[in-house]
Every structure is written in C-alpha cells, then in structure tokens.
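Undergrad: Now for the letters of each chain:
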Amino acid sequence: MIQAILVFNNHGKPRLVRFYQRFPEEIQQQIIRETFHLVLKRDDNICNFLEGGSLIGGSDYKLIYRHYATLYFVFCVDSSESELGILDLIQVFVETLDKCFENVCELDLIFHMDKVHYILQEVVMGGMVLETNMNEIVAQIEAQNRLEKSEMTLRVSLIPTFTSPQGGLSAAPARAVSAVKNINLPEMPRNINIGDLNIKVPNLSQFV
Amino acid sequence: MPAVSKGDGMRGLAVFISDIRNCKSKEAEIKRINKELANIRSKFKGDKALDGYSKKKYVCKLLFIFLLGHDIDFGHMEAVNLLSSNKYTEKQIGYLFISVLVNSNSELIRLINNAIKNDLASRNPTFMCLALHCIANVGSREMGEAFAADIPRILVAGDSMDSVKQSAALCLLRLYKASPDLVPMGEWTARVVHLLNDQHMGVVTAAVSLITCLCKKNPDDFKTCISLAVSRLSRIVSSASTDLQDYTYYFVPAPWLSVKLLRLLQCYPPPEDAAVKGRLVECLETVLNKAQEPPKSKKVQHSNAKNAILFETISLIIHYDSEPNLLVRACNQLGQFLQHRETNLRYLALESMCTLASSEFSHEAVKTHIDTVINALKTERDVSVRQRAADLLYAMCDRSNAKQIVSEMLRYLETADYAIREEIVLKVAILAEKYAVDYSWYVDTILNLIRIAGDYVSEEVWYRVLQIVTNRDDVQGYAAKTVFEALQAPACHENMVKVGGYILGEFGNLIAGDPRSSPPVQFSLLHSKFHLCSVATRALLLSTYIKFINLFPETKATIQGVLRAGSQLRNADVELQQRAVEYLTLSSVASTDVLATVLEEMPPFPERESSILAKLKRKKGPGAGSALDDGRRESSSHDINGGVEPTPSTVSTPSPSADLLGLRAAPPPAAPPAPSGAGNLLVDVFSDGPAAQPSLGPTPEEAFLSELEPPAPESPMALLADPAPAADPGPEDIGPPIPEADELLNKFVCRNNGVLFENQLLQIGVKSEFRQNLGRMYLFYGNKTSVQFQNFSPTVVHPGDLQTHLAVQTKRVASQVDGGAQVQQVLNIECLRDFLTPPLLSVRFRYGGAPQSLTLKLPVTINKFFQPTEMAAQDFFQRWKQLSLPQQEAQKIFKANHPMDAEVTKAKLLGFGSALLDNVDPNPENFVGAGIIQTKALQVGCLLRLEPNAQAQMYRLTLRTSKEPVSRHLCELLAQQF
Chain A
546 MIQAILVFNN HGKPRLVRFY QRFPEEIQQQ IIRETFHLVL KRDDNICNFL EGGSLIGGSD
606 YKLIYRHYAT LYFVFCVDSS ESELGILDLI QVFVETLDKC FENVCELDLI FHMDKVHYIL
666 QEVVMGGMVL ETNMNEIVAQ IEAQNRLEKS EMTLRVSLIP TFTSPQGGLS AAPARAVSAV
726 KNINLPEMPR NINIGDLNIK VPNLSQFV
Chain B
1242 MPAVSKGDGM RGLAVFISDI RNCKSKEAEI KRINKELANI RSKFKGDKAL DGYSKKKYVC
1302 KLLFIFLLGH DIDFGHMEAV NLLSSNKYTE KQIGYLFISV LVNSNSELIR LINNAIKNDL
1362 ASRNPTFMCL ALHCIANVGS REMGEAFAAD IPRILVAGDS MDSVKQSAAL CLLRLYKASP
1422 DLVPMGEWTA RVVHLLNDQH MGVVTAAVSL ITCLCKKNPD DFKTCISLAV SRLSRIVSSA
1482 STDLQDYTYY FVPAPWLSVK LLRLLQCYPP PEDAAVKGRL VECLETVLNK AQEPPKSKKV
1542 QHSNAKNAIL FETISLIIHY DSEPNLLVRA CNQLGQFLQH RETNLRYLAL ESMCTLASSE
1602 FSHEAVKTHI DTVINALKTE RDVSVRQRAA DLLYAMCDRS NAKQIVSEML RYLETADYAI
1662 REEIVLKVAI LAEKYAVDYS WYVDTILNLI RIAGDYVSEE VWYRVLQIVT NRDDVQGYAA
1722 KTVFEALQAP ACHENMVKVG GYILGEFGNL IAGDPRSSPP VQFSLLHSKF HLCSVATRAL
1782 LLSTYIKFIN LFPETKATIQ GVLRAGSQLR NADVELQQRA VEYLTLSSVA STDVLATVLE
1842 EMPPFPERES SILAKLKRKK GPGAGSALDD GRRESSSHDI NGGVEPTPST VSTPSPSADL
1902 LGLRAAPPPA APPAPSGAGN LLVDVFSDGP AAQPSLGPTP EEAFLSELEP PAPESPMALL
1962 ADPAPAADPG PEDIGPPIPE ADELLNKFVC RNNGVLFENQ LLQIGVKSEF RQNLGRMYLF
2022 YGNKTSVQFQ NFSPTVVHPG DLQTHLAVQT KRVASQVDGG AQVQQVLNIE CLRDFLTPPL
2082 LSVRFRYGGA PQSLTLKLPV TINKFFQPTE MAAQDFFQRW KQLSLPQQEA QKIFKANHPM
2142 DAEVTKAKLL GFGSALLDNV DPNPENFVGA GIIQTKALQV GCLLRLEPNA QAQMYRLTLR
2202 TSKEPVSRHL CELLAQQF
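Protein chains in written order, with this note's numbering: chain A, 546 to 753; chain B, 1242 to 2219.
Just chain A, with the same shape it has in the complex (with noise of 0.2 Å):
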C-alpha cells in the first residue's frame, strides 16, 4: 500500500502532499521535511529507493522517488509494492499530468492543485493503485472537464440576459465567471442548489 505521496521542489517547498494513513498535521509537515532532506543529499544517478525515514512506518516502508527537473516525486510505500512497479508509476502520472497540462511545470502544480489531485486520485486511490492505463485516465479527466464546461455554460448561459452573447465566454472564461460573481446573482441557479439540499439533508439527519 502507497502510505503516502509527496511532490515538493529542490528547495523542499511542498507541491502536492497526499496521506492514506492520517497524521496530525505537525507530523506530515515534520516528515515532508525529513524526506526532503533524504532525499536532497544523494545523487541523481544512485538508486531510487531508500529505507524510509523514521516518521513513517518504520523499516517495512521504503520511499521510492524520481526527480524531474525542479521537482521530486516520492512515494512511501510498504513491502506489499513492487519497487520498479511504483517507479513506473511515478512515471505514468507524471506522464499523464504532462499530458493534462501540456508540457506541465512547477507552476502548474501551483496554480492548479484541485486538478492535480484529481489527476492524482484516478490514479491512486485510498493508497492503492487504480489505473495504470495512461489513455484511461486522460479520459476520465476529460470527461471531468466537459462536465465542468457543462456546468459552465449552465451558470453563464443564464446571464446572456443580462449581459454579453456567448462569444466572449469561449474566449475568456475567466473573465466570464468573473463577471457572474460581479453580478448580483441570478436566483435561478440557487434555488436549484438549495432546493436539493433542503431535501437532503433534515431527511437523513432524522434517520440517524
């Protein structure tokens, strides 16, 4: 089982931290630390695997990691794993975030570290391996797209009243959401979320 997955940069700064075991928060900062500092001080050509540090799990664990440019991608993972297999499968999600997000940069992981992780969780899933299938997985995340792009229009085709034709949506959908904030919101697709929920949830709560 993968215990835990840390991308973090050469300067130890975190860029993606997944746990399937639950730590307190001090501890997961105090063991991306550790690892950072494993894995800094050897060099790029010897193995990818070392005993994994103190903090998790002890010496059943090992951290597997790859180091691309100005990232390092370390999996800790038990003896249950095949070590080659994880590394090819460092290989694959950076693979396939290259894919989702065109030559795919530090930044990218910044700026977008919703999509990241859900790139990640058709990957990985509760710490274990769910799809290895590079192609599967890109569709599954373009499936996810098309959905938000319909739940896109859905918010901003109500507001063509309003304001502006589709044109300048396609063109600048950022601008466009923007815009939907700026505007007092329109009722209608409240009433749609709120009515759901006030169905939901007194419901189920008596249930309980």
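Hints may contain errors.
[As the list claims (entries may be wrong)] Each computed DSSO-like pair below joins lysine-lysine, with the alpha-carbon atoms no more than 27 Å apart:
1. A:Lys644 <-> B:Lys1539
2. B:Lys1988 <-> B:Lys2149
3. B:Lys1276 <-> A:Lys558
[Stated by the list, open to error] Using C-beta positions, here's what the derived DEER-type ranges look like:
4. A:Glu579 <-> B:Leu1773: 36 to 44 Å
5. A:Asn554 <-> B:Leu2124: 53 to 61 Å
6. A:Asn554 <-> B:Thr1620: 30 to 38 Å
7. B:Pro1977 <-> A:Glu579: 43 to 51 Å
8. B:Met2112 <-> A:Phe568: 42 to 50 Å
9. B:Pro2206 <-> A:Arg578: 42 to 50 Å
10. B:Glu1655 <-> A:His612: 28 to 36 Å
11. B:Ala1732 <-> A:Asn554: 42 to 50 Å
12. B:Gln2115 <-> A:Arg691: 55 to 63 Å
13. A:Glu579 <-> B:Lys2122: 51 to 59 Å
14. B:Met1426 <-> A:Asn554: 45 to 53 Å
15. B:Asp1658 <-> A:Arg578: 17 to 25 Å
16. A:Asp643 <-> B:Glu1526: 35 to 43 Å
17. A:Asn554 <-> B:Lys1537: 31 to 39 Å
Derived from the structure by calculation, the hints contain no laboratory data.
Even for Gly, the Cβ is constructed at its ideal location relative to N, Cα and C.
Based on these hints, arrange chain B on the given structure of chain A.
TA: Frame of chain A, contents of chain B only:
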C-alpha cells in the same frame, strides 16, 4: 489540446497564490495567509448565503493554505455542504477537502456519511466513484461501519460500470485493511474471484489487489483464484505486446497486472493441479527467457517494467522453493543483475538474493557470488545498496565462508555510515559466535569490534562475550591474555575496559604465571584506566579488585589502600561508596576460606537465546527475520557452540506477517531456565525477556552491576551478620516449579478457593473471585512453625511473554512472618489476551538461617475469565455450526478418573465457568455448555459438549471456540477434571 484548460481556473485563487509567491519573507507570507483566513472566515460566517462557486473557491484556498503547512480548523461544514450539491465540480472539491482534511468530529462524519450514502444510491457512476474514493481515502472505522456491508453489493452488481467496480474493489480493500471485522464474507467472495476474468483490465487489476489481501486471512475461500490467475497471467505473458493496446507500457504488456498476479500467487503454495502447475511453470520460464532477449526499447521505462515482472517472478520461484531448475536460473539472473550498471537493479538483486540465500537448493549457488557482493560493500556509492550488500553477506554466511565475511564486514565497519554501524556490529557479533570453530577467533573478533567501533557495541554484545568466555573453559586463558594485551593500548574504549576488567577478575590467574602479566601488573594496568571511566565501569572495576584480593593475596594491601582512599570511601556516588566500604570490610574481616567461597569464579550461565539476536530483530523489524533464516540449516546439525545458538523455533518464515508474530514468540514459551545446578543461583542478567526486568528491583544497569559481581551482600550490616550470603538467591531468580505444581493447579481449575500448597513449614491458601476479564486473589501464607520466617518474599513471575497476556499486580507483604502467624497478599489480575500458561508464584524466605524457596503455578487459568452464556438449543446449534473449521475444534476421549456422577460433573462444569444448557443435546446423558472468555483485547466464544459413556467408563469432550489454541487448552484443562 491539453486536457486541463488553464483558463478555467478561479481568478481569486490565482491572485491569492500569486500574492503568496510574491511575499518576500516568511512573516509577510504568514500575514497574507492570516488575512485571507480572516476573510474566508467572515465570508463563511456572514449572513449572505454563499453560492457554490464561492464556496468552491474558498475551499480551494484553504487547501492551498493547508499545503503550505498551516493549520485549518474551519471550513469543514462548508465542504460538507458542497457534497450535497448536484454540481459535479462542487461535489468534487467538497470530497477533496474532506479526504485531505478530515476531522474526527463525529457530527460531521454523520453528515458526510449521509452525503456519501446519497451518492452511492444515485446510480450516477461519476457520483458513485467520488463517494467510493472518499470512503477509501478516509478509510475510518466510522465509514467502515456505515458502508462495509454495501460495497460488496456494488462490486458484484451486474449493472455496475467498470469504473465503479474498479473503485468499489479498492474501496473494499481499504476498509478491509483498516477494520477487517467490518467486512462480512459471503457469497460475493466467489463472484469477486470471477472478476479475474473480467474484460476490463483495470477491473482485473483492482480485483487482484483485493483478493491478494482477502485471501491471506481466508485462503480456502479464495482458492479458486489460483487457476484463474495462472490462466490470466499466461495470456498476458504469451501475448504479443500489441494485443493489450492501452495496457501495454513501453512495449511491455500489462506490467502492473502481471506483477499483481505474481504477488497473488505468492499467497499460496504451488498449484496442486498438474495442468495448472505446468502452465504456470511455462509462464515463469517465458519471463526468464524474455529477460535474455534484446530490449525492445532503449528507454529506462521499458527495462523497468520488464524487470518489475522479472523480480516478481523470481520472488515466486523463491517462494515455491521447489523447482531446483528454476531456482538456479533465478539465481543466475540475479547474479547478472549484481553487476548491472543500473543501481536500482543491483539494489533489488541484492535484496532478492537475500531471500534466495535461505533456500536449501540455492544457498550454494548464492555463495558463488560472494566476491561480487564483497566488492559491492566496498565500492557502491549508495548507502542503501551497501546496506543490502551487508544484509546479503550476513544471509549467505555459513561455516565455510564465515572468516572471510566477518573480516570483510569488520573492514567495512571502519568506514561504514554511522547509521548502520550498530547493525553491522550486531551482525558481526552473531556470525562470529555462530560459526566460531575455535573460540579464540571469536574473542579476537569481538575485541576487534570494540576496538573499531566501540561506541556502537551495545551492552548485549559485550555481555555475550563474557557469557561465552565464562561458559567455555578452553578459551578463558586466551581471553585473559588477549584482553590484557588490548588494554595495553594507550587509549582504549571503555567497553574494552569493562570486558577486560571482568575477564581479568575472573580468569586473571590464568596468565599470572607470566612475569609480564603478574598480578601487580594486571592490577596497575586496570587501575590506570580507572579514573577515566564512567561510574558504571568504575563500579565493575571495584568488583574486579575484590576478586583480585581472592585470586592474588599478594595484591591485598595495594587494593585495600585503593579502597580505603578518600576518593572511594567518600565518593559522591552512592554505589561506588557502598562498594568500596563493603569490599574493604569484606577483605579485612573474612577469612581466606570465606573469601574464596564468596568470590568464587562465576558458574556457567544458563543457555538461552542470544540476546544479540533478539536485539537485531528488534532493530531491523520484520525484515531481519529472513536474513536469520539460515540458522535453520545450521543450528541443529553442527551444534558445537554448546547450545548458545538461537533455538530453531525463533526462525521465522518468509511471510512478513508471520515474522512479526515470530518476534513476540521468540523466548521459548513457559520455559523457566533448565535446572542445570548453577543455573538456579544465577541471575537472569543477560536475558532481555520480561523475567529479567524486576518490577521492584534496581534499574537494569544497576541490576547488572550488582548481580554480575559475585553475590554482593545487600548492606554491610547483612554482610557482617551473615558471612556466607552466597547461598542467598538473587531477587530475580526463579527455580522451576515444584513437581506437584501441575497437579496442584488442576485442583483449582474448577474452583476458586482452597489450600494451594502445604508442607511442614508453610501453608498457602487461596481465595479468589473473577468477574469479566478481571480477578482478585487473596493468598494466605501461614507459618506452621514456631520460628519467625525472615526475608519472606512471595513474587509473581510471568514466564515468556505472558506479561502481554495477563497483568498481575501484587502488593508486597511484610518480610517477617512470625511463628504460627498468617500473612495475606492481594493480587489484582487482568486478562489482556488469551493465554496458555499460568504465571508462577515464587516464595522465598529464610527459616532458621537456611534459605527456602518454592515455585508454584498460580491458579489462574484461562477458564477463570469465562462468562456463562445461556442460549436456546437452536442458537447453540447454529453457533456450533459456525465454528466448524477443523482448527476451531478440540476433542479428547479419555478414561474417567473419578466415579461418574452426573451431579458432580455438573458442579465441575459450572465451576469451570461455562453455563450448562439443558434440553439442548438430544441425549439427556450429555452435557452441553456455553460461555464467553473475556479478555481485554478480545472475547472468545466457547461451546462445549461432554459425552459420558458409563459402560466404557470413558468420556468424550469436544470444545469449539473461535481461537484454535483456546480450544485445545480448554480441552486439556477440562479433561483432567473427570
């Protein structure tokens, strides 16, 4: 076109992140973050209801702040609200926040669970997947309780989409790992096995992971997976790489699935079906053949994927350990990798070879690579790899190459990384001891260890060398000579002084004939180190000095002078002061005969598992087990080490989980040291079992010092009053139980009160009561004589690892028992886990100056923690059937030892603790009972049935419990009662 359109991001978020990145200092960053947190907090608290988009944006900001290492203590409620949104993106971010930042707030968990429940029922595969992801990522017990029963249904439902099945399989796996008791086994298991045939490779991969985990606990339920796995594997391995399209990774067909399938097969022994086995062997051979083919790509990913399969194949071959042909090929392949230019492959080859070294068939083949491995130890740049090389050397060591390996490891030690020095020291110490043909080599090796890495030589190591030297008279002279020489070095490690001091104190006389090492020379050599040493070492040296007075009367005056010096007699350290005072007095008042008795040479130590081995295991964790496996081949046959080798029972199996258990079971269960004469007098200094940790005694360090030396009197007063304390056993010494102990124990299996023991001097009565997993016992010690008992001390001892199963608290009793008087001792007992052996009660006292000691078994048996359970016939039979595994049942047919009286039998069964159930057994002659054994950790349900056969004067007793050892143990206990 990139799959993530970068323009879609949230502008406020981007601005915030840019702000943070532009912060020039940590303080500025914190300030900006605090401002943002305040802003978000006020937004969340504000009257205006936030729309989904804003919530999403703020939650995203919180995630970013969390990533930077700041505590997030709010926003959970907003995230939970997002879960119930019917917009995918809002739901998605809500789930992400929950998975990353879950809070144990139970109110919240309930709301989360509600949302998950809705999504699982939504029949919208996207939502279902999100919910399954969340359960898997959080994996908490509460979630397990809420959903463990539903997931199997989703998993095997015919209409579930592939992606849902895939997620459901892993979700179930995660819940099972977290709380196996919550996942109900059932008919779905059979259908899960058939997922191995699924069209979708992703589903198969997830299913294999799940089955691999489930089958470890329920191997029989999943047995059918073997043939399915083999045929799946065979299809992948033999296919051309293009057949599997998307699952082909850099020209290697489905590498992950292959690896997982090979792992799954490692959970089982080789297939019994010849056809399946043939097919599997063919697969394994194909993989080995492919390794020799030229690579289809120069990319490292290609070779990685290919070798991942290869290493797993080799692991499987080693696991089967039955095909010599394949084993040799595996070994050759690993041999090639040992010299590969890829560091990763060298690392893995060393690691795999370590397990291979413990196989009967390939140990010799592994040994042929010794030079490569030694070279790796010397030249590898990477400490991880060097460590593996050291492990492998340790594993491949046997009598034929021990000298070479030990000397290489010693050489390596001089330059080794600090992090692994202690481990290397332990390994060298173990190998040197295990394969010592002549013990002078052993002594040299250990002294070298101390010389090279004295700081890393732990107590266990130097205790052990003293123990071995004491036990083997053929090496004592050599040891004395060698330490004497080693001590000549101008700067020698304190551990060397300790070893030297002890050995010269015992065996200095063996070299005293040589004028170069005459007694005064020996003394002044030791004393020249005295002032540089720590208190502990100085204390030990003082003991050496008093022993010198006995060994060499000519040194008496000098030594008395040293002892009398103000720096000793008025030393600020109490221990040193006391020793100086006592030894000085002892040397002046005692006659030569008395001195000779008191300061006699130490008797041999009782044989037991090397404490070094135990330490290495502790240090290394489960991994060390396999490296120690080679003890299996050696220990029984060439036992020239006088039984100081590890007992074969501590050898662990290759399975990592079994190893863990092996560690706890390391000390031979319930084995009080064999009554080898002197063993009784000896203190358990060297063992690190629980028995050696006196609850009331001094700290281990002090204990060592006060007991390693010849029987040290407790105080000067006692010394003067009683010049022969040698016969007084140390406080931790426990003799074997008296021969009748078992019989006496049996009397108390079915009752709680009575006389436990009686002889001319002493009577011990017992009164006890037990409730649930707790008990209280009153012991009454009656002095039957008219003379006072002195130093009366009853103690309770837990042999082996019993301490982790049963906690007994005792109160001390008065140390004097007047003639005709009775003292009472209260014991509080708590049953932590099920246990098999009772604790021991050791009673010691002095009667008219003569020491008396007695060891009994304390009448605490597992059945005392029975809680009777009444149930109807129908329930009984249903439960009886549920416990139908062969190992859950224990049965005994035995002859009646007492008249077969139904009423007496009933009383006994009730006393045993179970409820008696009437009208359950169709035969009214039979007895049926039920109860639950209460321990702190678990409850064990027990059903029993006793069938008397009056004609044959026989009984048949059947016990069924959910734990195998409990069934057997209860059966044995009860069978002796009739």
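Undergrad: Are any of the numbered hints broken by this structure? If so, which, sorted upward?
TA: none
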